[in-house]
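With chain A fixed as given, assemble chain B onto it according to the hints.
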Amino acid sequence: SGAAWARGLLSWARPERWLASGSLFPLSCIHTSTSLQKIGKWEKKNRIVYPPQLPGEPRRPAEIYHCRREIKYSKDKMWYLAKLIKGMSIDQALAQLEFSDKKGAKVIKEVLLEAQEMAVRKHNVEFKSNLHIAESLTGRGRYVKRVRCHGKGMFGVMKISRCHYFVKLVEGPPPPPEPPRTGFDQAKEYVQQLRSRTLVHTL
Amino acid sequence: VLVLVCSPLPRLRALLQRCWGQLERGLWPGVLWGQSPPWGPALAVQGPALLPQGINNASEGSTGVPGLLESILWMAAPKKRRTVEVNRCRRRHPNKLIELKRNIDVCPECGNLKQKHVLCGYCYAKVKAETRLIRMEIHKKEGGPFNAPTVETVVLYDGEKPTEKDEGKRIIERARKRPSWFVQN
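Residue numbers (our numbering), protein chains in the order written: chain A, -17 to 185; chain B, 6 to 190.
Simulated from the structure, these hints should not be mistaken for lab results.
Where a beta carbon is used, it is the ideal one built from N, C-alpha and C, also for glycine.
Each hint should be verified, as a subset may be incorrect.
[To be verified] In silico contact screen, one side only, chain B against chain A (beta carbon under 7 Å); selected entries:
# : residue
1 : V91
2 : I103
3 : K106
4 : L118
[What the hints assert, rightly or not] Here are the simulated BS3-like cross-link-like pairs (lysine-lysine), alpha carbons at most 27 Å apart as the crow flies:
# : chain 1 : residue 1 : chain 2 : residue 2
5 : A       : K91       : B       : K101
6 : A       : K59       : B       : K85
7 : A       : K88       : B       : K106
8 : B       : K121      : A       : K57
9 : B       : K131      : B       : K106
[Stated by the list, open to error] Computed beta-carbon distance windows for the label pairs:
#  : chain 1 : residue 1 : chain 2 : residue 2 : range
10 : A       : K85       : B       : G173      : 50 to 60 Å
11 : B       : D110      : A       : K84       : 40 to 50 Å
12 : B       : K101      : A       : K54       : 34 to 44 Å
Only chain A is shown next, with the shape it has when bound in the complex:
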């Protein structure tokens, strides 16, 4: 029993148990972010809560923000895929990505499916097909420099690039595409500018 008491004492005195979440008192409300690094700005956008809408206001469409960090792909190459699916409905985007030959297409498809599921489960979206992609962006991840060997003992420094991908889904059908600006529109705007000129520094 003496050995058991000593073992019990030692188990209480284990240092890693104290430093479990960075605080000595497990019941305190102090959060030290040792495990989750920094919560990015895009992830925080899902946390905003609007005040309840008044009865007469039009219904505010649901917005879902999702992202994936440190994807092993180049941000410039990922940008082409992000540009492809900007403004499409989610079904059309998934169809295009499924038959695209790019490496990033698989990653973006997973992100979109995750976001769709999140929307239905947590963000009170009724129909999972009634979503469209309002924004889709890429960002630069952490680059790492490595040595690339050439012939004759020469070497170069290559950078292994990673990227982030951000997407914002909004409930509702996709907005109609903008008609291209014609020469007539440009001329009208020019005339409007000329007409809105006023005299300055005069009486």
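Positioned in the frame of chain A, the structure of chain B alone reads:
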């Protein structure tokens, strides 16, 4: 996995020092030091019209073919840095963007998406899995390589009897219900 990362600075410095040394010793005569070229007459003298050496020089001068070392001066090199606006215009040109695919349809069998000129991926995977199991049964029956019989093969599922058309054919049994897509003759 051991990744060797060595700092490139001392090697680069050594390389640059080597190149600089070569330049100073005149091993790259094509690169001039900003002064006038070393040849050219400093003094005009009345002499014979063509020196014995002059014929070769004249012929070389008239053809104007530079040697390998002088041609370094005439290699193509960018004159100015390409600005980010110019780069963007090139990278975002419509011919560089990914085209929208208009040949995507819905498979009538399973409901997944498929391209018009390609078999449905899901249905193909289904058939592939079943074919693999049939092949395993065949392998078990044959026992080894080079034992393929000279007759046709018929696959029968649960509760199916060989008909009179299947006389003399090799029969492979599969212990499951016949799949709907595998039509029996």
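Taking the hints in turn, this is what the structure says about them:
1. A hinted interface residue such as B:V91 counts as satisfied when its beta carbon comes closer than 7 Å to some beta carbon of chain A; here the least separation is about 15 Å, so the hint is violated.
2. The criterion of a C-beta within 7 Å of any C-beta in chain A is met by B:I103, whose closest approach is roughly 5 Å, and the hint holds.
3. About 6 Å separates the beta-carbon of B:K106 from the nearest beta-carbon of chain A, less than 7 Å, and the hint is met.
4. Taken as an interface hint, B:L118 checks out: its beta carbon lies about 5 Å from the nearest beta carbon of chain A, inside 7 Å.
5. About 22 Å separates the Cα atoms of A:K91 and B:K101, which keeps this hinted pair within 27 Å; it holds.
6. Between the alpha carbons of A:K59 and B:K85 the distance comes to roughly 25 Å, so the proposed pair stays at or under 27 Å and holds.
7. Restraint check: the Cα-Cα separation between A:K88 and B:K106 comes to about 16 Å, which is no more than 27 Å; the hinted pair holds.
8. Using a Cα cut-off of 27 Å, the hinted pair B:K121 and A:K57 is violated, with the two alpha carbons roughly 31 Å apart.
9. Note on B:K131 and B:K106: the hinted pairing holds, with a Cα-Cα distance of about 26 Å set against a maximum of 27 Å.
10. Between A:K85 and B:G173 the beta carbons are some 52 Å apart, a value that agrees with the proposed interval 50 to 60 Å.
11. For the pair B:D110 and A:K84, the supplied restraint of 40 to 50 Å is violated, since their beta-carbon distance comes to about 21 Å.
12. Checked against the given bound of 34 to 44 Å, the beta carbons of B:K101 and A:K54, roughly 23 Å apart, lie outside it.
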